[in-house]
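Modelling step: build the complete structure from the supplied sequences, incorporating the hints.
Here the protein sequences line up with chains A and L, keeping their order. Take the first sequence: its position 153, counted from the start at 1, is 152 in numbering that gives the first Met the number 0, and no numbers get skipped. Take the second sequence: its position 114, counted from the start at 1, is 113 in numbering that gives the first Met the number 0, and no numbers get skipped.
Among the clues, some could well be false.
A pair holds if it fits inside one copy or across any two, identical chains being indistinguishable in the list.
Listed next, the in silico SDA-like pairs over lysine to any residue satisfying Cα-Cα at most 25 Å (straight line) [claimed, not checked]:
1. K21 / R31
2. K197 / I20
3. K21 / D203
4. K140 / Q35
5. K56 / T120
6. K291 / S174
7. K53 / V88
8. K312 / D4
It should be emphasised that the hints constitute simulated quantities derived from the structure, not laboratory data.
One-letter residues, chain by chain:
Protein chains: 2
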Amino acid sequence: MNEFDFIRSIKQSTYRNSTTIKGIGDDAAIFRQPYQDIVTAVDTFVDGIHFSNKTMKPFHVGYRALAANISDMAAMGADPISYLVSIVVPSHYSDQGLAEIYRGLDVIAKEYQLDLIGGDTVTGEQLVLSVTINGAVMRDKVRYRHLMEPGDVIFVTGTIGDSSAGLELLLNEQSDLNGAEYLINRHRMPTPRVKFAKALASIDRIALNDISDGIASEANELAQASNLAIYLEERDLPISNALKQFTRNQQLKYILNGGEDFELIGSVSPCNWQKVKQIAKQTETPVVIIGKVREEGKNNGTVFIKNNNDYNKLRPSGYVHKN
Amino acid sequence: MNEFDFIRSIKQSTYRNSTTIKGIGDDAAIFRQPYQDIVTAVDTFVDGIHFSNKTMKPFHVGYRALAANISDMAAMGADPISYLVSIVVPSHYSDQGLAEIYRGLDVIAKEYQLDLIGGDTVTGEQLVLSVTINGAVMRDKVRYRHLMEPGDVIFVTGTIGDSSAGLELLLNEQSDLNGAEYLINRHRMPTPRVKFAKALASIDRIALNDISDGIASEANELAQASNLAIYLEERDLPISNALKQFTRNQQLKYILNGGEDFELIGSVSPCNWQKVKQIAKQTETPVVIIGKVREEGKNNGTVFIKNNNDYNKLRPSGYVHKN
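What follows is the structure, given as structure tokens:
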């Protein structure tokens with residue numbers, strides 16, 4: 000397949016958003032958003048670094064790449080609209096594999112009503128997929144990380160650690176474990192929490208972050224951006240039944256520094272917690288409180304985690320520093 | 000340098016556009032454009048494919064990557080606003096080289112008043128630089144390729160073929176030619192025609208395309224998008240004094256299928272040609288007529304080129320088909 004046939008094969012015939020004015024086919028794409036702010040982010044996935052043929056089929060490479068971007072939109076409270084795909088394809092890579100990557104992109108794009116509006120396809124030694132996403136958000140509803148306040152409760156959606164447990168099963172070729180399929184699916188086809196994040200729009204102030212790098216890292220980002228301290232309760236961290244089969248030490252490793260769950264961690268005033276729970280129910284999103292926000296011990300942004308009645312410092316790396 | 004230090008080192012302390020609300024530092028970047036359309040494009044450059052250490056220093060890799068994107072904005076009549084950088088860096092690549100790539104990006108970003116608002120830095124085998132650009136344009140001033148009309152004149156800015164002549168000098172290590180520095184500079188640091196394209200806003204209808212793939216390819220894109228025929232005059236194609244030293248056959252190869260000049264080719268009603276010339280003078284942009292647009296021979300979009308009183312078909316590849 001030559002480049003022009005390929006571009007023709009991935010070009011949408013109609014657009015899912017009325018704001019998409021022009022997609023693939025000119026020097027650039029155009030979209031219209033008069034009353035909202037445009038939100039944009041880019042994520043890059045490299046074969047052999049972020050995935051391999053042991054962990055992902057080409058379909059999953061596409062699916063997961065866009066899922067990670069959509070999750071960034073959720074973490075800003077934004078509505079995803081469109082995406083651009085830059086792909087470096089080795090000359091030995093099959094046409095079918097390439098088509099499967101784009102099918103993975105399109106399946107999740109359809110699910111979240113996104114338009115593919117542009118891209119660049121080039122040759123190289125190593126498969127690299129770089130996706131830029133655009134979304135929109137009402138001006139006063141952006142969910143910045145710095146919006147935490149003392150007294151807030153810290154909540155998290157879904158269950159944490161599944162994705163990295165799934166990844167380890169794939170790397171060790173251990174698919175006989177009970178619930179292995181569930182964990183592997185959580186790694187390959189994560190569920191960005193857009194519906195939930197958008198429904199939170201009725202609440203004035205929320206800080207949000209998506210869990211791409213492990214909850215230890217993301218909680219530290221929130222604490223640092225807001226210059227406050229987060230106190231997490233280790234026993235309240237939500238884990239799936241599949242993950243419960245692992246030892247507690249393994250569970251904690253996956254939960255604290257596993258990452259790639261693409262769940263949301265957030266901070267909200269206790270007065271709004273009932274509202275958050277209601278929205279979670281309406282959007283069928285599991286959500287639990289896992290900690291609180293305080294001034295004490297903040298020191299430019301610090302996270303503590305409680306285990307056996309002791310609060311210890313939780314480093315971004317997931318390392319627990321007992322002092 | 001670790002990733003966080005690196006991100007801190009490339010983060011702008013202030014933004015050049017009031018529309019840039021949030022850059023690097025959260026899940027996504029935000030910019031505001033209530034009365035205009037947002038225009039976006041992505042371009043990807045791979046070491047060993049699009050450049051090598053024979054043709055570009057790290058500074059030029061950054062400079063040229065963003066120049067190509069800015070040129071896409073010019074080709075849409077849009078004002079470039081901000082950009083995101085996705086970069087794959089081999090582990091053996093030096094910190095200094097990486098800093099130089101970003102310096103190249105920043106030098107041209109400053110010149111065109113663009114903000115760096117996000118990105119992703121990952122490890123890989125081969126250096127890959129992928130830049131996504133965002134711009135804005137008044138709704139009725141988008142310069143689509145399909146806007147040509149029969150009777151239009153075809154114009155081009157600057158001189159064509161310099162960049163690929165410069166590339167060949169670099170590849171053959173021939174820097175002793177008179178004007179070699181000029182041609183090499185045209186390859187490494189092209190000049191996107193934003194000022195000129197923006198000043199054309201007072202003209203109702205113009206079709207524009209930037210010359211990234213050679214004038215043969217770009218003229219065919221215009222002809223096909225507009226479903227019309229373009230008739231080019233070979234003797235009117237503008238060439239620099241430096242290029243005149245080459246044989247006529249070499250000149251034509253560089254001009255027709257050389258590419259990467261990032262000049263603009265456009266189509267406008269003859270009634271507006273005086274206005275175009277005036278704007279060209281104001282913005283110090285050389286511009287000449289190189290052909291016309293007709294219904295005759297269009298056949299889903301065809302380009303003809305006149306040489307020795309004969310019009311021959313000009314393929315997108317630059318091949319002249321005598322029939």
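Here is what the structure says about each hint:
no.: 1; hint: K21 / R31; in the structure: both (10 Å within a copy, 19 Å between copies)
no.: 2; hint: K197 / I20; in the structure: both (23 Å within a copy, 20 Å between copies)
no.: 3; hint: K21 / D203; in the structure: between (34 Å within a copy, 19 Å between copies)
no.: 4; hint: K140 / Q35; in the structure: both (10 Å within a copy, 21 Å between copies)
no.: 5; hint: K56 / T120; in the structure: both (20 Å within a copy, 24 Å between copies)
no.: 6; hint: K291 / S174; in the structure: neither (37 Å within a copy, 66 Å between copies)
no.: 7; hint: K53 / V88; in the structure: both (18 Å within a copy, 23 Å between copies)
no.: 8; hint: K312 / D4; in the structure: between (55 Å within a copy, 22 Å between copies)
Figure legend: structure checked against the earlier numbered hints; the only hint not met is number 6.
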